[in-house]
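Enquirer: Two chains, two separate frames, one set of hints: put the complex together.
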Amino acid sequence: MNDRQLSVSRRDRWKAALKQMRTDKILYVLIAPTILYFIIFRVWPIWNMRMAFFNYKARGPWEWAGLKYFHMVFSTSAFTDILKNTLIISFMKYILLFPFFVLFAILLNEIRSRRARNTIQAVSYLPHLLSWVVIAGIWISFLNPSSGAVNQVLGWFGAGPYDFMTSKGAIRWVLFFSEAWRSLGWDSIIFFTAIINISPDLFEAADMDGANRAQVIRAIILPALVIPMTTVFILNLGFFMTAGFDQVFNFTNPAVNSVVDILDTYIYRLGLDNGQYSLACAVSLIKGGVGLILVLLTHVTSKRLTGQGVW
Amino acid sequence: MKQAKLRKKFRVGQLILILIMGLFILTILIPLLHIVAKSLSDPAQSAQMKGLEILPRGFSFINYQIIMSNPVLVPSLITSVFITVVGTALNMLLTISAAYVLTRPNLVGKRAFMVFFIIMMLFDPGLVPEYFVVKDLGLIGSRWSVILALAVNVYYLIIMMRYFEEIPPSIYEAAKIDGAGHIRTLFSIATPLCRSGIATLTMFYAVVRWNEYLRSGVYISKLKDSVLQVVLRKFLVEGDTTTLIGAQNLLNYNELAKIDYTALSYAVIVIAIIPILVLFPLVLKYYTKDVMAGGVKG
Chain Y
1 MNDRQLSVSR RDRWKAALKQ MRTDKILYVL IAPTILYFII FRVWPIWNMR
51 MAFFNYKARG PWEWAGLKYF HMVFSTSAFT DILKNTLIIS FMKYILLFPF
101 FVLFAILLNE IRSRRARNTI QAVSYLPHLL SWVVIAGIWI SFLNPSSGAV
151 NQVLGWFGAG PYDFMTSKGA IRWVLFFSEA WRSLGWDSII FFTAIINISP
201 DLFEAADMDG ANRAQVIRAI ILPALVIPMT TVFILNLGFF MTAGFDQVFN
251 FTNPAVNSVV DILDTYIYRL GLDNGQYSLA CAVSLIKGGV GLILVLLTHV
301 TSKRLTGQGV W
Chain B
1 MKQAKLRKKF RVGQLILILI MGLFILTILI PLLHIVAKSL SDPAQSAQMK
51 GLEILPRGFS FINYQIIMSN PVLVPSLITS VFITVVGTAL NMLLTISAAY
101 VLTRPNLVGK RAFMVFFIIM MLFDPGLVPE YFVVKDLGLI GSRWSVILAL
151 AVNVYYLIIM MRYFEEIPPS IYEAAKIDGA GHIRTLFSIA TPLCRSGIAT
201 LTMFYAVVRW NEYLRSGVYI SKLKDSVLQV VLRKFLVEGD TTTLIGAQNL
251 LNYNELAKID YTALSYAVIV IAIIPILVLF PLVLKYYTKD VMAGGVKG
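Quick mapping for you: the protein sequence lines, in order, are chains Y and B. The numbers in the numbering used here rise by one with no breaks, and the one at position 302 of the first sequence is 302. The numbers in the numbering used here rise by one with no breaks, and the one at position 254 of the second sequence is 254.
In isolation and in its complexed conformation, chain B is listed as follows (with noise of 0.2 Å):
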């Protein structure tokens, strides 16, 4: 009998827990959904859609279609996988690299480098100074500038050397032993016994680098040259509804008093979040995996 009654009490705890916690889950849900519902409406009636709709009101891609044939947004995607893939890539190159000599035991010097990079995590003298270098370096202009700026970041290089450290110091004696030198040992021994801190760190500068608007803005003047990110800024935060059209497709578009702009820039937000939903699954798996086994990486 009391059994029973606490067992009642126990899931009338849960159950206002759930409600409590699902409650908050769903204030991320509902608007995620409503931008991705309201973006495949049909024009014509997603203007009356309040913000807890999240079914579309009829179905048409023509959102997708006149954001696909913008001038302006085509080449900013392109460029941001560019500077996504070629950055991240440049981003694990040098970071791989500095963390396994920085984890080398008997290196000369390693204190002074270390404190060499805490210094340059603390100080972080902003946009304008560092303008001026970009410029000094003719710079300004190229996706260059965005890529080289950001190309190691200190907290992610110590994450880094803490999976190197993990491996067990036997392991790069019998490569000595062996005869590997230190190239084959990082490349061929310790890079793949890293995998899953590869796999995290990988992910985390491509996040970084797709979500990227401050330096792009700045570096990158023409809009046209620009990245997804600050296209999307243009339209969301300054609410620019002319580029949002395109110029081109004021002429295409007979029925351009239908559009609705809030949905056409609910069409750009789901472009710019659908990578990050494709890289999420992996977060999950390797990231947070690790750290609830290994304690606190991040």
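Bound conformation, chain Y alone (with noise of 0.2 Å):
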């Protein structure tokens, strides 16, 4: 009896999605487009990344080749080297330069001048839309022993000139600050709009009670913070294993090219440059499986500690 009832409400279910799906027919072939560019342009290529247990033969089928290509991965002393640059840039980008971020965003909400305020923030987006290729070069320019800025500034004070660009102990400081330029404005966008939706009222009794900015910042901004600050820590740890192909791919050359390849320029050369493709796609199905971890690690622990996962 109980079952009979259960099978004929699925019965109805199905029944009425049914209908429903097809009262919405032209909904499925609005969205049919987007799905067929998933399929092809993505699960494709994953689809393709089983190379990396095949030796690749352009015609032909390709021989089963096992867990030789992740074997020669690891056993290659270049490997090591590239995951440690990737963690280390990884590091400055994502943990050393993120306090900077929610600095910028206290610092902009303490100018009182509207007109200051919204100037600096404006110049500040500017060098977020810029594409990667044209940042190398202002930084390039930027950076010239020569005629650079920096050096210059430099100059005024008796020290350099110094080549940051080729030199191996000031490379990545030159992509952390390029990093940095980039994105500070932008970046901090999240934050300046969390201290400005704080309610009013804090800052009134707050002044009331005679609190000086250091006490407003410690008491009413940086709690306000804690929330965002959570969530994109915690994302920027997804983000770990890429370290950012394109500016490495544009800032470096062949003098410092061993202190900042990073696994997704080692990828590129591997696959685009040598066609060494089942060992791009074992070192890119390594990477991908490590990234995955992260990111459903940073999902469960952004769940629990602040609500809000990373979708």
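Among the hints, erroneous ones may be present.
To be verified - Simulated restraints, written as ranges between beta carbons of each label pair:
#, chain 1, residue 1, chain 2, residue 2, range
1, Y, Gly169, B, Ile118, 34 to 44 Å
2, B, Asp240, Y, Gly60, 37 to 47 Å
3, Y, Gly275, B, Pro71, 23 to 33 Å
4, Y, Leu292, B, Thr242, 36 to 46 Å
Derived by calculation from the structure, the hints in this document are not laboratory data. Idealized CB from N, CA, C, for every residue including glycine.
Expert: See below:
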């Protein structure tokens, strides 16, 4: 009796769903091109990654190679160096730089003159919209040892000139500062928004209690930033294996490549310059696997801490 | 007395603050202005220019004239404009349609679609396996490879969904009662109501399209069929001065010895930045305003 009722209601639900789908036919037509796009340009490439387990052949079927290419990846000394570079550059860009985004938002909010604040904010967004090719061009000019602005200023203090772009000791800091230059304005928007959404009552109350700015920042502004900080920080961890391909690809040069070569530039070189497709796919799979674990850990931790996941 | 002292202290604080922030802004403005100034300088004097100089020494359009007669650069500029316009149109068409569908409350299979898109967002197979797809499709060497390979961005799709979700459901119900079908509701009711969202995303996509260099460089291997960013990369990052001048120009300019190659490449940077500067006020107008008003969307 109970069973029958259940199956009837399930059948009814199916019927209702089918009816709904029939009336909404056009919706499925509208979303079809997008689904098709992802199948062709995402699912198909993911399927192609099986190349990591085969010997690639332009003609004829591929030969099964088992874990040969994975062994090859781990047996090269290059891989350890590249992994180390990736983690160091990620650490600098996602952890060391992180507090400055918060600081930028707080300082911006402290500016009383509306005009000054808006101007600073607007200009700070601009670099984010430029391509990494253009940014590399600007920075190569900016850091030029004979005519660049940076060395000109250092010259006033009797220092330099330094050739930062070809110095192994300096190049990672060039990546750090050019990342800051590009993102400080844009990536601090989330924190600035959190600050201006704080209830004005809180500030009034603080004013009445005679709190100074440092106290206001500590007691009102920073607590309001905890949630966006957690979200952004954890999200950054998900990017750790990536470290920013476009930046390194355009800032690197033969003199410094050994200290900035990251997983993604390595994959690019293996696959598209050397034609070692299987090896490139094996590195991609290792990178993707670790990256995915990081994203999922991120998501779960974030959900638990702030109630807000990555999606 | 105490009040005056406080105000003075306050003013000093503000001054230091604006000075610090202003210094950061100068690191953005000075290199940009220097590049513009040097590209407009007289080639005979521009080589001696220092990085802090933001006014041209002498004045000349010669760098731009050389660049504009370069047999590689002008076609690449046209290709860039084509890919940006057609590509952005395709991006918006697909993103708007998919976002509208995914925000219908009674859609059967909505969860499955969302899970699919999120998986697509998480798995990035990278360029090597994608290269084989483009090859199998016979798109190598065609600008359509780049246009199609970046047809939808999941992040932007989700932003567009947020905009559609903000339209009150009663409006859709009224449209339904009036007998409007989905296509009509989408294009004559939902789309006009999301004007600022559409403007924002059009700009985002257009910036991505204009700045794209990686896929163009790999899929369109011939430099003369490629895009401006690829040509620019050749000049700036790979330091290719022969292409920068252009083989024909070598014959045409007998004052070649006087040309400042750096200033010449700066002229290309300026050309690559101009469209961004045109879009920039719109970004400020729509995106920033929306983000400030309605919490985080991006």
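Enquirer: Against this structure, judge whether each hint is valid.
Expert: Verification of the supplied hints:
Against the hinted window of 34 to 44 Å, the Cβ-Cβ separation of Y/Gly169 and B/Ile118 comes to about 41 Å, which satisfies the hint. Distance hint for B/Asp240 and Y/Gly60: a CB-CB separation of about 38 Å, consistent with the stated range 37 to 47 Å. Take Y/Gly275 and B/Pro71: their Cβ atoms lie about 30 Å apart, and the range 23 to 33 Å holds. Evaluation of the 36 to 46 Å hint for Y/Leu292 and B/Thr242 yields a pass: the beta carbon distance comes to about 44 Å.
Against the hints set out earlier in the document, no violation occurs for any number.
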